[in-house]
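Q: Put chain B on the given structure of chain A with help from the hints.
For the record, the sequence lines run as chains A and B. Counted the way the numbering used here counts, the first sequence spans residues 21 to 319. Counted the way the numbering used here counts, the second sequence spans residues 20 to 416.
A few of these clues could be false.
[As the list claims (entries may be wrong)] Under 7 Å between C-beta atoms, here's a sample of chain B residues computed to sit facing chain A:
hint	residue
1	G297
2	F304
3	V305
4	G312
5	L342
6	V380
7	H386
[Claimed, not checked] In silico SDA-like pairs for lysine to any residue, Cα to Cα no more than 20 Å straight-line:
hint	chain 1	residue 1	chain 2	residue 2
8	A	K182	B	E401
9	B	K310	A	D57
10	A	K134	B	E401
It should be emphasised that the hints constitute simulated quantities derived from the structure, not laboratory data. Here a beta-carbon is modelled for each residue, glycine too, at the ideal position from N, C-alpha and C.
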Amino acid sequence: MKLAYWPGCVSRGFTPELHGSMALVAERLGIELVELDRANCCGAGVIAEHNQELADTLNARTFALAQETGLSMMNICSTCQGAQSECQQRLDSDSAYRAHINEALSGQGLSYEKDKDGFTNKNFLWLLVEDYGLDRLAAEVKRPLSGLRVGPFYGCYIVRPKHRLGYGEHPDRDLYLEKVIELLGGEVVEYDGARKCCGFPVITMNRETSLRQAGTHISDAIDAGADCLVTPCPLCHLNLDMQQPEAAKVVNRDLDLAVLHLPQLVGLALGFEPKELGMGKHIAPTRWVEERLATPSPA
Amino acid sequence: MAEYTLKVRRYQPESGEGPYWEEFNVDLDPSLSVLDGILQAKDREDGSLSVRCSCRAAICGSCGMKVNGSSTLACKTQLGEASAAANRRPSATRGTPGRGSEGQSISVSSGPSESEDVPQPIVIEPMGNMPVIKDLITDMESTHWEKIRRVTPWLLPHGDPPEREYVVEPESMIDITQSMACIQCGACVSSCLSMEADPEFIGPAALAKAYRFVGDPRDAESKERLHDLAHDPHGIYDCTHCFSCIDACPKDVAPMDQIMRLRRRAGEEGIDDDPNNGHNHMHAFVKIIEKKGTNDESLLLQESYAPGIKGKLKPTKGAIKGLLGSIPTAIRGIRTGKMRSLPKLIPGVHPKLPDGGQDEVKAIYRHAEEHGEELNLYIKGEEDVEPEPDEREVETA
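With the rest of the complex left out, here is chain A:
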């Protein structure tokens, strides 16, 4: 399996452990990634807030760069998925608009074509379940995560709005984290916040609200017995992990809940060590995860 790979900004910025763990896991799974190192930021919804055409053209450029490789595209960020899907929906829905956008790319010898060679842009989570296949993943598991209680945390951009994110064709996309956790041998912890907002988009605008959102979801997961959370979104990771000590102050309780990136959770089951997967770079302590894996429950 070979894919054009858009790692996004944050995985190469404040969550470098995501980029690193994805590379290790892809290699082990036999997924060849052709990194789009000339591609640009998806705009995270913020550029569209300023100028929708600008956001659409920037993402059309990324899609066109991916299409140049002749491959479908994979991302590792819920926010990239959502922001890019929003632009792709507009581009795919109106041929005149698409032609107008492509005009801006023509000077660069680029063009985005709808459905070219069955082009898709999927988050690693979707790709793992829909294209790689859970059976094939199961065959790669070296260390089942037995006894590890994992709370899924999706990130808004990958679960809503449903009509834009392919839920018509793939109605269970908001249950894939649960499927993956179970497949890897872990135990799914259901709690209130799994599909809620981490608060990150307003961290510079309304810090208190933002941190209360993060702190509340982490608290709920702890109260439900989680050893850790897992997320396919590095922006959620920023608020849930990097800001966790600040969120703890707002909700006025100790938190200390490990938050894993999706490739890290997969990587642990593939037999990689936490350190190799960059878990030492996390802010919230990951030692309970490590202890649980060292002494798996008999179940």
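A: What follows is chain B alone, placed relative to chain A:
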């Protein structure tokens, strides 16, 4: 006909008891609505089961409630589809009462105790983010109507009214038809994750209503409205972009999209001094991508709080607080190695896109800033099938 079990969250304040769950079995065609199911239960089993409803046709907006945790109109949700949704949720979450909020309705995993084969009930709750008056009836005054009034939901035209009707170009009204479709059901308010964390947030329904007047060519106070909504710390920059209201709205108003239009219009009007730093954040983000192609996170933080030379020479109190508040996080990031590199620490050191990529991005900026086209699929519609090139030629011929 098919049998369904409705699991309804009941509450009668006069009883002095707290809320509780009660199950009702109904026998109806799968194409009939959840509201039909509730009314059958009320008719056959318990006349005290209270629900607000009128038209039964998704026009009056009275029967807003949560079905399987999702805010919606009960009359617009078919029993068959609601039952299917109830049965596709993970086993641990099925039918378990939650904290009355969106998305998930559960607290603790019950493990694999519930059998996959046992059909799960359709879970029905009153709307979220609102006090409950009785059973499925909520008090919409403080969290909906008061906020609607807050945005001055009427036209503020120039001077005296004309002798006859106002004459406007039809095209100039198209932009606001989406926000005009609102039926005030409150489903978006019920689903709002910002309001859940900040009850003072003006909220999706009221802000969509605000755009209905900001975008109206007859309104003379658009700029004042935008200034007011940007300067309210719980206004347009308090939305966390969670898309819940878009999925909840039974009329495709897409309230969050209207909030983003309000932000865009506020920016165009030069309103850049909001107390949330919302405009500064957006402006900094846009400029950084123009210069670097990918996000320079430390520069974004700096420029969101203290933009340009002016922002650094005369930082606001909020800016100082924001920047100081982010220091402990940065120190932790350096300690673990997350942020241990110059491009991550020093604003502006972040590399540009390689091999001419940055010039390509700048060219896109020039093109898009010149046109600034906005495509609203609610108005334009989606092309289902594109004609093949030769068909197109025939058509044009």
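Q: It remains to establish, for every hint, whether it holds in the given structure.
A: Hints, verified against the model:
1. G297: Where the cut-off is 7 Å and the nearest Cβ of chain A is about 5 Å from G297/B, the hint holds.
2. F304: holds (5 Å)
3. V305: holds (5 Å)
4. G312: holds (5 Å)
5. L342: Violated, because the Cβ-Cβ distance from L342/B to chain A comes to roughly 10 Å (cut-off 7 Å).
6. V380: With a closest approach of 5 Å, the V380/B hint holds.
7. H386: holds (4 Å)
8. K182/A / E401/B: holds (16 Å)
9. K310/B / D57/A: Since the Cα atoms of K310/B and D57/A sit roughly 16 Å apart, the hinted pair holds (cutoff 20 Å).
10. K134/A / E401/B: holds (13 Å)
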